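Novice: Residue numbers (our numbering), protein chains in the order written: chain C, 1030 to 1184; chain H, 1030 to 1184; chain R, 1030 to 1184.
Hints may contain errors.
One copy or two, it doesn't matter: identical chains are merged, so the pair holds either way.
Below 25 Å or equal to it, Euclidean Cα-Cα: the simulated BS3-like pairs (lysine-lysine) are [said to hold, decoys possible]:
#1 K1152 / K1106
#2 K1180 / K1076
#3 K1180 / K1154
#4 K1147 / K1106
#5 K1076 / K1147
#6 K1057 / K1076
#7 K1152 / K1078
#8 K1180 / K1147
#9 K1152 / K1076
#10 K1154 / K1057
Hints are computed from structural coordinates only; laboratory data are not their basis. None of these values were measured; they are calculated from a predicted model.
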Amino acid sequence: MIEDQIRALSLTLPAVPVPLAAYIPAVKSGNFVFTSGQLPMLDGVLKYKGKVGAEVSEQGARLAAEIAVLNCLSVVKSIIGSLDFVERVIKLTVFVNSDPAFLNQPEVANGASELLLKIFGEKGKHARAAVGVNVLPRDASVEIEMIVEAKTNVS
Amino acid sequence: MIEDQIRALSLTLPAVPVPLAAYIPAVKSGNFVFTSGQLPMLDGVLKYKGKVGAEVSEQGARLAAEIAVLNCLSVVKSIIGSLDFVERVIKLTVFVNSDPAFLNQPEVANGASELLLKIFGEKGKHARAAVGVNVLPRDASVEIEMIVEAKTNVS
Amino acid sequence: MIEDQIRALSLTLPAVPVPLAAYIPAVKSGNFVFTSGQLPMLDGVLKYKGKVGAEVSEQGARLAAEIAVLNCLSVVKSIIGSLDFVERVIKLTVFVNSDPAFLNQPEVANGASELLLKIFGEKGKHARAAVGVNVLPRDASVEIEMIVEAKTNVS
């Protein structure tokens, strides 16, 4: 069971984040689930605020990416009922709020990618784009969106 | 009829925007329609140019997002023939040309998201990512791309 | 044969780029292939580093976009076995590491888009978003991700 694996990593699936605005956390179409962009929200508090390479360290941003991707999983679960119904993770897009001199966006994104491998194993191997941006909503350090494939016949 | 709803909102579906370059406005694959990134073009003129939080106000940018998302709908119609063939809106990505101190990208993106809800009702509920960037083509304040699901058997 | 066409353009399909991190170059789900973000890597060297409009010229960035999109094709081939199994190119997202005064992201992205048309003809016509960002991994000037539709029954 995937949630057992999350607990075995001493992690907790967060409550489904409330969208900041007029949209919904994720949409399923065919077997694809598209999540909204998720921030490093933990218990309603935005963690690790600021630009990576300036106010936030690379290591802090890795932890922020872990939190954001757990929020992605939480919204996926809210749509398909259980993370056991994930056939595979397809794609992450990781936006990193970056000081212009900070060039290690891939290392930040690894916080999310490595966690997915630990949680899902082979099914967690995904395509990914990591890019820098000059600002993110609420001064978040990281924003992550995810596409997963659900098992067939999951409503 | 969805276009009646657009007119009831005192809005007009713009002419299909001419791509700025060597690509096409949208592609349908399976039941998915992927639009190209759309700018706030109105009657051939780019509206609300500049960085949000500096040259463009948050309210101006919301209006820019409305125009850009109408352009998305226009290109969707050009591919599937009628907006009545939209099964649902799946996903928006909203890039906001942001002054680095501007943190309200979600409020800007709401200009697009709220309009989709008014036009499509339940079918307009979508996943979304809103991110800040330091510059957009032609100094546009907003760029929006959309994925929609078309009804089955729409060619 | 699509690779003959690439050779006829005096171009070479690069070796599959090694991901910078904990992810894989591309994922196939249904008939869709999603690539990871590709940089202008050529023979293991990142070409045309720096901000476009400052350290890198528009023309240099066009060439960088050509290299990056060839890397996209290389990873697509690694997943479906041959570029002849591409039913069509669906979507490009082109991130341009931009000086804030540089507004010609579409012209940069045309380096990739025009090459796809030369290689694939009608099947190469795609939707596209081109956006500016303040920094990219390893100071790359361009990062491109691609979605293609594979022919049915390609494993």
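Novice: It remains to establish, for every hint, whether it holds in the given structure.
Specialist: Now the hints, each set against the structure:
1. In this assembly of identical chains, K1152 and K1106 lie within 25 Å of each other by CA distance both inside one copy and across copies; the values are 15 Å within and 21 Å between.
2. Proximity of K1180 and K1076 under a CA criterion of 25 Å is satisfied in neither setting, with 32 Å inside one chain copy and 41 Å between copies.
3. In the homo-oligomer, the alpha carbons of K1180 and K1154 lie at most 25 Å apart both inside one protomer (16 Å) and across protomers (23 Å), since each shortest distance falls under that limit.
4. In this assembly of identical chains, the alpha carbons of K1147 and K1106 lie at most 25 Å apart only when taken from the same copy (17 Å versus 28 Å across copies).
5. Taking the shortest Cα distances, K1076 and K1147 sit within 25 Å of each other inside one copy (22 Å), while across copies they are farther apart (34 Å).
6. With identical chains, the CA atoms of K1057 and K1076 are never at most 25 Å apart, being 28 Å at best within one copy and 34 Å at best between copies.
7. When the C-alpha separation of K1152 and K1078 is checked against a cutoff of 25 Å, the pair qualifies neither within a copy, at 31 Å, nor between copies, at 34 Å.
8. Taking the shortest alpha-carbon separations for K1180 and K1147, only the intra-copy value of 20 Å comes in at or below 25 Å, while the best inter-copy value is 33 Å.
9. Proximity of K1152 to K1076 under the C-alpha cut-off of 25 Å is found in neither arrangement, the shortest distances being 28 Å within a copy and 33 Å between copies.
10. In this assembly of identical chains, K1154 and K1057 lie within 25 Å of each other by CA distance both inside one copy and across copies; the values are 20 Å within and 11 Å between.
Hints 2, 6, 7 and 9, counting from the list given before, are not met by this structure.
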